[in-house]
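**Q** Residue-level listing of the chains:
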Amino acid sequence: MGSQFVDLNADGHLDYLSATFDGSPHVSWGGDAGFAEPVRLVDGAGERLLVSSYWDYDEEAHLTTGRAMPDGKPANLRGISAVAMDWDGDGDLDLLQGSYEKGHLFVQMNEGSPSEPRFTGKNVRVMAGGVPLEDKAKMTAPRLVDWDADGDLDLVYGTFGGPNGIAGVYLLINQGQDGAPSFAAPRTLLQVRGEELPTSPVGPVEGLYPEVTDWDKDGDLDLIVGGYSRWRAEAPTLDAEQTTELARLRALHEAASSASDKLSEAFREKLDSEEERAKTDEEKEAAWDRVYGEFKDRMDAARKARNELQGQIDEFDPPKKRTPAVWFFERG
Amino acid sequence: MTHLLLALAALAPSGDVGDDLILFKAPVQLMAGNAELGRRKMYPSPAAFDVDGDGTQDLVLGGLSGRVTWSRRTADGLSPEKPMERTDGKQLSFNNW
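Line by line, the protein sequences give chains A and B. Residue 1 is where the first sequence starts when you use the numbering used here, and the numbers rise one by one after that. Residue 1 is where the second sequence starts when you use the numbering used here, and the numbers rise one by one after that.
Among the clues, some could well be false.
[Claimed, not checked] Under the rule of at most 27 Å between Cα atoms (straight-line distance), these lysine-lysine pairs were calculated in the DSSO-like manner: (1) A:K270 x A:K304; (2) A:K270 x A:K296; (3) A:K122 x A:K136; (4) A:K270 x A:K284; (5) A:K304 x A:K321; (6) B:K82 x A:K321; (7) A:K262 x A:K304; (8) A:K73 x A:K136; (9) A:K102 x A:K73; (10) B:K25 x A:K321; (11) A:K122 x A:K102; (12) A:K321 x A:K136; (13) B:K25 x A:K320; (14) A:K217 x B:K25; (15) B:K82 x A:K217.
Derived from the structure by calculation, the hints contain no laboratory data.
Turn these sequences into a full structure, and let the hints steer you where they fit.
**A** Below you can see the structure in the form of structure tokens.
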């Protein structure tokens, strides 16, 4: 989820606008006492805002609809980010939604008033450099900021990276006029080259969620970037005795893993057999309680033994890590 | 050890900021108190916002779960991360599937 603090209903209080993987923008209305419980934003017809894919809470399923798409056709595009800006210069805030898949960005107009937003329910693709914006590395979230201090809002967005591309943070300069934004082609602010694992979490390489602000208060804009680093602590040089010990620990770990797996299998088999005999849901629940009670302590102990051995192995042979964190990138 | 990050700018065909490189220094991991900021989050997403109204931007942190935390910025740095509260005292949380 990205986050934007913006006065979406012109009541003088900043609201908290976000969107999540359920596919829709949400707002937590701000007031004198703080932020209220978030609600989903709806269009003029009362339908939840979205791009195309969404989680349906009633059906408990991932569904897709074309109702908000420019061509009316459903697509595998899930809106997971939202920011508001006055796109058409009519004094109220319109809504931008970014899709996880393909990194598309859509704008939806507000036909209501500043104090009573009424969104059209129809998205239009945002262009960058004369073509519809797309990023195969998947968009995390866009940010709005006047990067070049010319009085209009520019766009900065991050990407997830991973199998579909390199993660990065990109800038789209707004070259348009008031009420008619026009974004230039993306410029790279950060890009990640992750060929070699460092020995500490030196920086994000996946899921780059950028914030743009003058964090060090030196008059230029810096980046604060959340994401994942991939790293592996430096492996110690082992002497002969330690090498033997590592081999011993690995053998013990293999045996402990096997014992733990067998126990889980035995638990599952006994549970299946007792549940088969159960005639009612209550009897099934009772069977689960009985069998789980019988196995729980032994399964816990087996898992603990395996994990302790893994911890000892890791000291000799550090594992690859993928850890979340937040980094400050000072403008150079 | 090789730094993973190449902080550089692609050449832009045109733009108000010109074609010069936009450079950033090597990243510095942010700490909140003694702990790494965002270490308990999945996909931490920061937003600068003055939560306590003291005139200084704090850091609000979203994530995949939708549960929001924040870290107060003081002269000594960022304070330990804590849940961001709603008006009813519960943690601010955006629904996820």
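**Q** Determine for every hint whether it applies to the structure shown.
**A** Checked hints:
{"no.": "1", "hint": "A:K270 x A:K304", "verdict": "22 Å, holds"}
{"no.": "2", "hint": "A:K270 x A:K296", "verdict": "13 Å, holds"}
{"no.": "3", "hint": "A:K122 x A:K136", "verdict": "23 Å, holds"}
{"no.": "4", "hint": "A:K270 x A:K284", "verdict": "12 Å, holds"}
{"no.": "5", "hint": "A:K304 x A:K321", "verdict": "21 Å, holds"}
{"no.": "6", "hint": "B:K82 x A:K321", "verdict": "25 Å, holds"}
{"no.": "7", "hint": "A:K262 x A:K304", "verdict": "15 Å, holds"}
{"no.": "8", "hint": "A:K73 x A:K136", "verdict": "20 Å, holds"}
{"no.": "9", "hint": "A:K102 x A:K73", "verdict": "16 Å, holds"}
{"no.": "10", "hint": "B:K25 x A:K321", "verdict": "24 Å, holds"}
{"no.": "11", "hint": "A:K122 x A:K102", "verdict": "19 Å, holds"}
{"no.": "12", "hint": "A:K321 x A:K136", "verdict": "25 Å, holds"}
{"no.": "13", "hint": "B:K25 x A:K320", "verdict": "26 Å, holds"}
{"no.": "14", "hint": "A:K217 x B:K25", "verdict": "15 Å, holds"}
{"no.": "15", "hint": "B:K82 x A:K217", "verdict": "24 Å, holds"}
When held up to the earlier numbered hints, the structure conflicts with none and fits them all.
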